[in-house]
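Going by our numbering, the residue at position 29 of the sequence shown is 450; the numbering climbs one at a time, nothing skipped.
Please keep in mind that the hints were generated in silico from the structure rather than gathered at the bench. Among these hints, one or two may not hold up.
As the list claims (entries may be wrong) - Result set (SDA-like, lysine to any residue): computed pairs, CA atoms no more than 20 angstroms apart in a straight line:
| hint | residue 1 | residue 2 |
| --- | --- | --- |
| 1 | Lys476 | Glu489 |
| 2 | Lys610 | Arg555 |
| 3 | Lys610 | Lys476 |
| 4 | Lys556 | Glu577 |
| 5 | Lys472 | Lys610 |
| 6 | Lys476 | Asp538 |
| 7 | Lys610 | Phe535 |
| 8 | Lys476 | Gln509 |
| 9 | Lys476 | Arg491 |
| 10 | Lys556 | Gly571 |
| 11 | Lys476 | Asn508 |
| 12 | Lys556 | Ala588 |
| 13 | Lys610 | Val574 |
| 14 | Lys472 | Gly565 |
| 15 | Lys472 | Ala588 |
| 16 | Lys610 | Asn508 |
| 17 | Lys556 | Ser592 |
| 18 | Lys472 | Glu577 |
| 19 | Lys476 | Gly490 |
| 20 | Lys472 | Leu587 |
| 21 | Lys610 | Ala564 |
| 22 | Lys610 | Asp538 |
| 23 | Lys556 | Arg517 |
| 24 | Lys610 | Val465 |
| 25 | Lys610 | Gly565 |
| 26 | Lys610 | Phe549 |
| 27 | Lys476 | Arg555 |
| 28 | Lys556 | Lys610 |
| 29 | Lys476 | Ser604 |
| 30 | Lys476 | Phe494 |
| 31 | Lys610 | Ala506 |
| 32 | Lys472 | Cys614 |
| 33 | Lys556 | Lys476 |
| 34 | Lys556 | Asp538 |
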Amino acid sequence: MKGQRRMKTTITRYVSNRMLQVAAIIATAVACSGCLLLNDVTPVSINTFEKLTPKHGRALVIYGIGIEGRWSFPGLTVALDEYDARNQSITGSCWRFNRMEASITAIVGTRQYFMFDVQPGHYVYSGFNSAQARKTWAFEVPAGRAVYLGDFVYAEDGTVDLRRDLASARSYLKEETLLANVSPVPPPKLFLCAP
């Protein structure tokens, strides 16, 4: 009788502890569900703007993607990461990672422009891009401005080249746009997320 009562108490404690563990895991998952890879960059349709005026304390970034060489995949994605020029690294982690990312269909001759609402600062051609660039560029994005970074063109030699044709971008946007300051930088330090 005593043995059965002791066994019942042990089983009850075990079940209670397991239920608390499961409840804690569920509560953590719910609390963090909106946290994983937060990104404070928003894609914006160029057609929705009467005038390219960023929100207070923000900036608008425009860049193009083009294909001149044969890319072996269905699409080409170009990402730019928020960059800390002093530390020469992207300003991201597994929880917060500000980046612009746009894709086009990989058809030779394709060129398309994209616009993003971003935090002012510096942005760099991402080391996470599948197409390697000839150089790594960092762009300065000032607050309160619409800035054009350039066109990232996948060239015939199999690398991405930066072309900065402001006149072409202005004719497409039909708006006064600032050419962003650019500087070559060493490839930024990346981060790795692991469980």
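Hint by hint, here is what the structure shows:
1. Lys476 to Glu489: 35 angstroms, violated
2. Lys610 to Arg555: 17 angstroms, holds
3. Lys610 to Lys476: 30 angstroms, violated
4. Lys556 to Glu577: OK: lysine 556 and glutamate 577 at ~16 angstroms, within 20 angstroms.
5. Lys472 to Lys610: Violated, at about 37 angstroms.
6. Lys476 to Asp538: 8 angstroms, holds
7. Lys610 to Phe535: 26 angstroms, violated
8. Lys476 to Gln509: Not satisfied, since the Cα-Cα distance of roughly 28 angstroms exceeds 20 angstroms.
9. Lys476 to Arg491: The given pair, whose Cα atoms are some 39 angstroms apart, is violated under the 20 angstroms limit.
10. Lys556 to Gly571: With a Cα-Cα distance of about 14 angstroms, the restraint between lysine 556 and glycine 571 holds, given a limit of 20 angstroms.
11. Lys476 to Asn508: 28 angstroms, violated
12. Lys556 to Ala588: 23 angstroms, violated
13. Lys610 to Val574: 23 angstroms, violated
14. Lys472 to Gly565: 13 angstroms, holds
15. Lys472 to Ala588: Satisfied, since the Cα-Cα distance of roughly 18 angstroms is no more than 20 angstroms.
16. Lys610 to Asn508: 9 angstroms, holds
17. Lys556 to Ser592: Answer violated: lysine 556 to serine 592 is near 27 angstroms, above 20 angstroms.
18. Lys472 to Glu577: 36 angstroms, violated
19. Lys476 to Gly490: 37 angstroms, violated
20. Lys472 to Leu587: This hinted pair holds, its Cα atoms lying about 17 angstroms apart.
21. Lys610 to Ala564: 25 angstroms, violated
22. Lys610 to Asp538: 24 angstroms, violated
23. Lys556 to Arg517: Cα-Cα ~26 angstroms, so violated.
24. Lys610 to Val465: 28 angstroms, violated
25. Lys610 to Gly565: Answer violated: lysine 610 to glycine 565 is near 28 angstroms, above 20 angstroms.
26. Lys610 to Phe549: 11 angstroms, holds
27. Lys476 to Arg555: Given pair lysine 476, arginine 555 is violated - Cα atoms ~34 angstroms apart, limit 20 angstroms.
28. Lys556 to Lys610: The given pair, whose Cα atoms are some 15 angstroms apart, holds under the 20 angstroms limit.
29. Lys476 to Ser604: Cα-Cα ~26 angstroms, so violated.
30. Lys476 to Phe494: 36 angstroms, violated
31. Lys610 to Ala506: Holds, because 11 angstroms separates the two Cα atoms, which is no more than 20 angstroms.
32. Lys472 to Cys614: 40 angstroms, violated
33. Lys556 to Lys476: It is violated: about 32 angstroms lies between the C-alpha atoms, which goes past 20 angstroms.
34. Lys556 to Asp538: 25 angstroms, violated
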